[in-house]
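Per full-length UniProt numbering, the very first residue in the sequence shown carries number 1; after that it's consecutive.
Derived by calculation from the structure, the hints in this document are not laboratory data.
Ideal Cβ positions, reconstructed from N, Cα and C, are used throughout, including at glycine.
A hint or two may mislead.
[To be verified] DEER-style ranges, computed between Cβ atoms: (1) ALA27 - GLY172: 28 to 34 Å; (2) VAL190 - ALA27: 32 to 38 Å; (3) TRP5 - ALA108: 23 to 29 Å; (4) GLN105 - ALA70: 19 to 25 Å; (5) GLY71 - GLN39: 26 to 32 Å; (6) THR102 - ARG14: 41 to 47 Å; (7) GLY172 - ARG11: 25 to 31 Å.
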Amino acid sequence: MLELWSELWQRPWRSSLIWPIILINIAGSAYGLYWYRAQLAGTPAHLWLLVVDSPLATAFFALALLLVIAGRRPGLVVAAACATTIKYGLWTVGVITHYWLTGGQFSAIEAMVWIYHLGLVLEGFIFLRKTPLPVYAVVGTAGWMALNDYMDYVRGLHPYLFAPGQEAAALGLAAGLTVLSVILLIHALVCNHLPVN
Numbered sequence: 001m002l003e004l005w006s007e008l009w010q011r012p013w014r015s016s017l018i019w020p021i022i023l024i025n026i027a028g029s030a031y032g033l034y035w036y037r038a039q040l041a042g043t044p045a046h047l048w049l050l051v052v053d054s055p056l057a058t059a060f061f062a063l064a065l066l067l068v069i070a071g072r073r074p075g076l077v078v079a080a081a082c083a084t085t086i087k088y089g090l091w092t093v094g095v096i097t098h099y100w101l102t103g104g105q106f107s108a109i110e111a112m113v114w115i116y117h118l119g120l121v122l123e124g125f126i127f128l129r130k131t132p133l134p135v136y137a138v139v140g141t142a143g144w145m146a147l148n149d150y151m152d153y154v155r156g157l158h159p160y161l162f163a164p165g166q167e168a169a170a171l172g173l174a175a176g177l178t179v180l181s182v183i184l185l186i187h188a189l190v191c192n193h194l195p196v197n
């Protein structure tokens with residue numbers, strides 16, 4: 001098992017864990033859509049992609065891996081996949097942790113969601129650190145995340161929170177994590193000169 005993790009760390013785009021990671025991300029996207037079902041029912045369909053943050057991030061991740069397996073170099077999809085799994089993974093971990101620390105009741109479902117989202121952060125970081133990115137991918141992903149923050153916190157589309165009064169913490173996390181994700185993308189742009197496949 002340690003050899004698999006070492007392989008993933010050293011050569012994520014060539015890892016024998018690619019297919020299990022794809023399947024986990026697809027399953028996570030499906031569960032995420034189920035999680036958002038009530039919010040989606042009350043949201044116009046043309047705005048759904050701006051509501052389902054984590055399921056979209058994991059769908060991007062599965063798509064990015066599939067495209068790389070197929071011999072493509074999908075810069076924008078890879079950038080969006082890595083940056084948004086880091087951002088929304090940390091955002092969810094932060095919001096749930098905030099909920100627990102402010103007296104929210106611990107449940108197995110939230111613990112599972114917390115652990116899964118921590119995994120998103122790890123996969124985003126592991127793959128991003130070995131990924132060369134074109135400028136347009138960094139700019140496009142930064143623009144998408146900024147638009148999503150605007151729609152979430154100015155237009156009110158943010159995911160349902162765990163308790164009243166979490167809006168300020170959620171906004172602060174989202175804004176800070178957009179900045180962090182863009183910094184990580186710029187670092188990948190400047191420092192990574194490795195082939196993706």
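Now for the hints, and whether the structure bears them out:
| no. | hint | verdict |
| --- | --- | --- |
| 1 | ALA27 - GLY172: 28 to 34 Å | holds (30 Å) |
| 2 | VAL190 - ALA27: 32 to 38 Å | holds (34 Å) |
| 3 | TRP5 - ALA108: 23 to 29 Å | holds (26 Å) |
| 4 | GLN105 - ALA70: 19 to 25 Å | violated (45 Å) |
| 5 | GLY71 - GLN39: 26 to 32 Å | violated (37 Å) |
| 6 | THR102 - ARG14: 41 to 47 Å | holds (43 Å) |
| 7 | GLY172 - ARG11: 25 to 31 Å | violated (36 Å) |
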